[in-house]
Amino acid sequence: MLELALASNFAGGFLPHAMTMLAAGAPSLAHLGPLDIAVIAIYFVMVIWIGFYLKKRSNTSEEFFMAGREMTAWIAGLSFVSANLGSLELMGWAGSAYQYGILAAHWYWIGAIPAMLFLGMVMMPFYYVCKTHSVPGYLKLRFGQGSSIVAAFSFAFMTVLMSGVNMFSMAKVMQIVLGWDLNFSIVVSSVAVAAYVALGGLRSAIFNEVLQFVLIWGGALLVPILGMIEAGGWNGLKLKIAQNIANGAIPMGDYTHMWRSMGHFQDNPMGVHWTGIVFGLGFAISFGYWTTDFLVVQRVLAANSLRSARMAPVIGSFFKMAVPFIVILPGLLGLVVLQNSDGSLMKLVGENVAAAHPELHLHTYNDVLPLMLVRYCSPGLLGLGITALIAGFMSGMAGNVSAFSAVWTYDIYQPLINKKASDEHYVTVGRWATILGVVISIGAAYLVMGAAGIMDYVQALFSFFIAPLLGAVLMGMFWKRATSAGGFWGLLLGTLTSIGLFAWVKVDPSALRYVALSPYAKDMAENMYRALWSISVTFIVIFVVSLFGKARPVAELDGLVYGATKLPEEEPVPFYKNEWFWTVIALVIFIALNVIFW
Amino acid sequence: MESKEISIWFFIGVLLTIYGVMILGYGIWELVTGNFANVILKELHAPVWWGALMLILGLFYALRFRPGKA
Numbered sequence: 005m006l007e008l009a010l011a012s013n014f015a016g017g018f019l020p021h022a023m024t025m026l027a028a029g030a031p032s033l034a035h036l037g038p039l040d041i042a043v044i045a046i047y048f049v050m051v052i053w054i055g056f057y058l059k060k061r062s063n064t065s066e067e068f069f070m071a072g073r074e075m076t077a078w079i080a081g082l083s084f085v086s087a088n089l090g091s092l093e094l095m096g097w098a099g100s101a102y103q104y105g106i107l108a109a110h111w112y113w114i115g116a117i118p119a120m121l122f123l124g125m126v127m128m129p130f131y132y133v134c135k136t137h138s139v140p141g142y143l144k145l146r147f148g149q150g151s152s153i154v155a156a157f158s159f160a161f162m163t164v165l166m167s168g169v170n171m172f173s174m175a176k177v178m179q180i181v182l183g184w185d186l187n188f189s190i191v192v193s194s195v196a197v198a199a200y201v202a203l204g205g206l207r208s209a210i211f212n213e214v215l216q217f218v219l220i221w222g223g224a225l226l227v228p229i230l231g232m233i234e235a236g237g238w239n240g241l242k243l244k245i246a247q248n249i250a251n252g253a254i255p256m257g258d259y260t261h262m263w264r265s266m267g268h269f270q271d272n273p274m275g276v277h278w279t280g281i282v283f284g285l286g287f288a289i290s291f292g293y294w295t296t297d298f299l300v301v302q303r304v305l306a307a308n309s310l311r312s313a314r315m316a317p318v319i320g321s322f323f324k325m326a327v328p329f330i331v332i333l334p335g336l337l338g339l340v341v342l343q344n345s346d347g348s349l350m351k352l353v354g355e356n357v358a359a360a361h362p363e364l365h366l367h368t369y370n371d372v373l374p375l376m377l378v379r380y381c382s383p384g385l386l387g388l389g390i391t392a393l394i395a396g397f398m399s400g401m402a403g404n405v406s407a408f409s410a411v412w413t414y415d416i417y418q419p420l421i422n423k424k425a426s427d428e429h430y431v432t433v434g435r436w437a438t439i440l441g442v443v444i445s446i447g448a449a450y451l452v453m454g455a456a457g458i459m460d461y462v463q464a465l466f467s468f469f470i471a472p473l474l475g476a477v478l479m480g481m482f483w484k485r486a487t488s489a490g491g492f493w494g495l496l497l498g499t500l501t502s503i504g505l506f507a508w509v510k511v512d513p514s515a516l517r518y519v520a521l522s523p524y525a526k527d528m529a530e531n532m533y534r535a536l537w538s539i540s541v542t543f544i545v546i547f548v549v550s551l552f553g554k555a556r557p558v559a560e561l562d563g564l565v566y567g568a569t570k571l572p573e574e575e576p577v578p579f580y581k582n583e584w585f586w587t588v589i590a591l592v593i594f595i596a597l598n599v600i601f602w
Numbered sequence: 002m003e004s005k006e007i008s009i010w011f012f013i014g015v016l017l018t019i020y021g022v023m024i025l026g027y028g029i030w031e032l033v034t035g036n037f038a039n040v041i042l043k044e045l046h047a048p049v050w051w052g053a054l055m056l057i058l059g060l061f062y063a064l065r066f067r068p069g070k071a
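Protein chains in written order, with the numbering used here: chain A, 5 to 602; chain B, 2 to 71.
Bound conformation, chain A alone (with noise of 0.2 Å):
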């Protein structure tokens, strides 16, 4: 996923911390109180009323899949957004705030809203028109059946391990902060998820994720507010955070600004050149998630109409520039009001750091939203900040398994296995997909519980496809030329291209410089430039392959091709509901927050 890199370093990092806290008996950050449990326990009760309300609403394959294709704008929006809006992407990201300063708001902006703009404004047409039910059907019916297995198998199966991977995460995450048992934790989420979206489908998921999105900001949004008020505005944090810098506190660096010390991969503590930010985060791999992981377009898809399918992503990005609000704020604020007991300014450190000295009982960077939390929120409010931590894991993991549901139905179980059974029949499969995709799920939890030392690969394996899948999508979309050959090589070539990179260095540490161009760069860096590399693989495959074939008719490309098809014809609307307007609203306000943050 796009938060790959900062997930890795996360969850990475943070299960031996996790395990020296505990095996330290440290304390638990905070401590629910009734009021607390019973917001918690409220939520659950919601949530699964929502999946039996909608059981007699998923009866066909359309309803359950692709939720009738009658979701609003608004919802399909939300829902596009909040799938991504993980909890361990909320915490991590704060923590990496604390770290690095607003660089980390890079993921935010620049990571994400070009890439839903031009989800919704170019590519949502052909998605739509082509009434495709998943990304690897577009790749079928675009290059053929061997692309489709390709991306359709990889998907399936690193979606439900990323899933597990962050229900085990998720359920540490419960544990550390509120002393949960691990155990309680992972079952008791799963089978609320697997109980909600077998019943309801697609449209039970996406109802709980604007729920969901609700929640976060609900939970969330008190802990900024405070946090300015205490700090003394944007000034008193920027003046604070100079203080702690001239006293030692903290470490050097420019913790406000985005740009200027991004001339150099020395010049900040990433190790990111402007390049790597704009080409590899900018383009190949937020591009690569936000417009061709179906896990967020199986959202749009959704939509009841064109116009609503390429309005939501436009919403989705209104509120995705917003989100380092609760998120990249907190994190910088820790590090001008987070306190010891004895009136001292709190530290934060590494995990390593962490881990090395387990009778301090050290908090580290991950710990700092929690500690946020625990620092303004008195009962009740505390129990709606950790509601919203478990609604973001939730609203993920829903997420993944009804994309998983939808792919492993139509692009694997329909293709290989049963081509022409009826439309119950494969709404039961779905169901049982789902489930399925929930139990594989736990079974990934609990191998990770085993061997914490996997969980990177199995981060890392996720970002393999991502580009070299934008790649295929891009060279189908806009060139009438590209044949099926070419799409199958590139699409397997850019892939492997990425899995040798990402050996490559693992093997050879000292070969990032050789991946990322410079001896400065740091992990961060590697993931960019390893996806620039993959995608133009990928890209040159699909030409050269694609030179040496026979194209397909141009006939035979409507509705799937830019200059083969000729789009749906929108009637007018007023300014103010035309997709065009926001979009040029959204780049503005993008661009004007990338300028005062420079």
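All the given hints hold, so there is nothing to weed out.
Per label pair, the in silico range of CB-to-CB distance:
#: 1; chain 1: B; residue 1: Gly26; chain 2: A; residue 2: Trp238; range: 31 to 37 Å
#: 2; chain 1: B; residue 1: Gly26; chain 2: A; residue 2: Asn63; range: 39 to 45 Å
#: 3; chain 1: A; residue 1: Ile439; chain 2: B; residue 2: Gly26; range: 35 to 41 Å
#: 4; chain 1: B; residue 1: Glu6; chain 2: A; residue 2: Ser540; range: 46 to 52 Å
Simulated coverage check for chain B against chain A, where a stretch passes if three residues somewhere in it have a Cβ under 8 Å from a Cβ of chain A:
#: 5; region: 15 to 25
#: 6; region: 41 to 47
#: 7; region: 50 to 57
Keep in mind that the hints were calculated from the coordinates and are not lab data.
All residues carry an ideal CB built from backbone N, CA and C; glycine is no exception.
Let chain A serve as the given structure and place chain B on it in line with the hints.
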């Protein structure tokens, strides 16, 4: 969406209303009894205004999108 289906905004309204009542109720209890939770900026009475805000939003959505409303 078909009008006969309960809107997601109704579910959200119900949940926000319940949470609003609980959090506002706790905030008022704090004010009345003087037993404030040991949190920073407790003098701002966040449970009161945040709970009230959730309650108002919740009631608005629950009523605006209540089942059966045309």
